[in-house]
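Chains W and R supply the protein sequences, listed in that same order. Quick note, the first sequence lines up with residues 50 to 131 if you use the working numbering. Quick note, the second sequence lines up with residues 993 to 1401 if you use the working numbering.
Treat the hints as calculated values from the structure; they're not laboratory data. In this text, all values refer to a predicted model and were calculated from it rather than measured experimentally. Ideal Cβ placement from N, Cα and C applies to all residues, glycine included. Worth double-checking, as some hints may not be accurate.
[Said to hold, decoys possible] Interface residues of chain R toward chain W, partial, derived using beta-carbon atoms under 10 Å:
{"hint": "1", "residue": "R1275"}
{"hint": "2", "residue": "M1299"}
{"hint": "3", "residue": "L1300"}
{"hint": "4", "residue": "R1307"}
{"hint": "5", "residue": "G1327"}
{"hint": "6", "residue": "R1329"}
[What the hints assert, rightly or not] To list a few chain W residues with every Cβ distance to chain R over 10 Å, as calculated:
{"hint": "7", "residue": "M50"}
{"hint": "8", "residue": "N57"}
{"hint": "9", "residue": "D73"}
{"hint": "10", "residue": "A74"}
{"hint": "11", "residue": "L75"}
{"hint": "12", "residue": "D76"}
{"hint": "13", "residue": "T78"}
{"hint": "14", "residue": "T79"}
{"hint": "15", "residue": "D86"}
{"hint": "16", "residue": "D123"}
{"hint": "17", "residue": "A127"}
{"hint": "18", "residue": "I129"}
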Amino acid sequence: MNDSEIRNIVLNHLHQIAPEANLDALDETTDLRPQLDIDSMDFYRLLVAVSEELHVDIPEEEYSGLVSMQKLIDFLKAKITE
Amino acid sequence: MSEFLMPSLGADMEAGTLTEWYVKPGDKVKRGDAIAEVETQKGLIDIEVYEDGVIEKLVMQVGDKVPVGTVLAIISGEKEKAGETPKAVTEKQKGEILAEQKIAVSAAPAKDVKRIKVSPLARKIAEELGVDLSKVKGTGDGGVIHREDVENAAKLQKQSPVVETPPVKKPEAVIAEKLIEEAKTPVPASDKMRMAIAAAMSRSNREIPHYYLESRIDLKLALEWLEAENKKRNIKERILQPALLLKAVAKALTVVPQLNAYWQDNQIQIQEAINIGFAISLRQGGLVIPAILNADMKSLDEMMKDMLDITIRARESKLRSIELSSSTITVTNLGERGAEKVFGVIYPPQVAILGFGKVTEQPWASNGMVGVHPVVTATLAADHRATDGHTGSKFLEALNNFLQKPETL
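With the rest of the complex left out, here is chain W (with noise of 0.2 Å):
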């Protein structure tokens, strides 16, 4: 799986978690809670819906190192590869 098939997973959860923000202008570098203005309880889902998608486990201590969409695209793929 290459990076924008996993990319997109990872939007497609995002859009359903927060309809009305405009993905489009996501800044995939810098933390995407305060972007698209998602608390805990929306992160935790994101990670939750996309670690069931892609059959990987996502260890809390790894929560806030995932929080720009290129990290969490990175450690997915190295997850899935594993």
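Assemble chain R onto chain W, guided by the hints.
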């Protein structure tokens, strides 16, 4: 036979638009059944009935904008079994409706409204006997209506044949007219929510003498415990820190129940059920405060599940009426990106609002040593008519104690 009224879904609600009836006359309903869908500033909400019975008549029609406290339908009960209705809910409901009517009264032109002075007992009896309090003459000091006055009026009502009196403009009717007038100049939903919040909060600041307390709470043990617990769990079963905090609040309220109360009829009314409203800010603007019902009886897992479920439904505007009308206290949690402290404004008729700021690492001295600990500031705003600072302090102390023993939560 009883009147099914438009409930107040929070202190900031004035009216709702009926969008769908799920029942028709002749249908049997059970307590807890959703019988209608109503559109409010908080989205579409299912409205539930609080007693068993049969739908006699649908008074309002789809599309009607209905002020809080107005009759939506007539339900004939087999016999009203008051004991079957959860006490906290009905009292709360009545309280909210009364509170709303008070807002409505102050908003309506003075000439149309006569403030009725009535003892709580007389009000209750009037409801039971179906006596319209606006037509009862009070014999107490300053025209206060007492039990005897209501009972006498009920007797008269029975004796005299029903005479069609010219319609008296009720406060509800006045509001309805005002709302119809408003509807002619469309206002965006988010603006309406803003206006509703403005009205409720202005009233709170005008009427409630707030006192404030704050306490820094060391979360080292709690967060270490949570981390260890979550390590054992699959991502789907993990517990987030807000659930832990809310559970600790529920436990602390069992120790200091005076903050789990309403201020009604000039007295504190401690509520049996602990229904914690937690503020969820909506990205399109405004906020909703749905309640975790009976929070003290829920395990940490149930608390987490409920919070997640309610957060999702709040975002999708699919909250249930009971969740929006039953809070006995409010908690506002600014989360990890917020400010360090929040001083809340109490939602009447509640008597307290608790705020949690962002958890930050701070130097913390304990046992003669200084270390760096995760610390949260808990702030309590409480109604000084109902409690004093001593009670508030005891509550914050209890909260702290529970958070130092997370395994007991």
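(request) Tell me if M1299(R) is really an interface residue toward chain W, meaning its C-beta lies closer than 10 Å to one of theirs. (result) Holds, about 7 Å.
(request) Compute the least Cβ-Cβ separation between A127(W) and chain R, then decide whether it is above 10 Å. (result) holds (17 Å)
(request) Would you check whether the claim that L75(W) is not at the interface survives, using Cβ distances to chain R and the 10 Å cut-off? (result) holds (14 Å)
(message) So D86(W) supposedly isn't at the interface. Is its beta-carbon more than 10 Å from every beta-carbon in chain R?
(response) violated (5 Å)
(request) May I ask you to test the interface hint for R1275(R) with respect to chain W, counting a Cβ-Cβ separation under 10 Å as satisfied? (result) holds (5 Å)
(request) Over 10 Å to the closest beta carbon of chain R is the bar; see if M50(W) clears it. (result) M50(W) clear of chain R: closest Cβ-Cβ about 19 Å, beyond 10 Å.
(message) So A74(W) supposedly isn't at the interface. Is its beta-carbon more than 10 Å from every beta-carbon in chain R?
(response) Answer for A74(W): holds, closest chain R Cβ roughly 14 Å.
(request) So, R1329(R) near chain W? Judge it on the closest CB pair being under 10 Å. (result) Since the shortest Cβ distance to chain W is 6 Å, the answer is holds.
(request) Check the non-interface label on T78(W): least C-beta distance to chain R beyond 10 Å or not. (result) Non-interface label stands for T78(W): nearest chain R Cβ at 18 Å, farther than 10 Å.
(request) Against chain R, does T79(W) hold up as non-interface, every C-beta pair farther apart than 10 Å? (result) holds (13 Å)
(request) Please verify that hint: L1300(R), Cβ, nearest Cβ of chain W, below 10 Å or not. (result) L1300(R) check passes; min Cβ-Cβ to chain W is 6 Å, inside 10 Å.
(message) Just want to verify: N57(W) was marked as not at the interface with chain R; is every Cβ pair farther apart than 10 Å?
(response) holds (21 Å)
Checked against the numbered hints above, the structure violates only hint 15.
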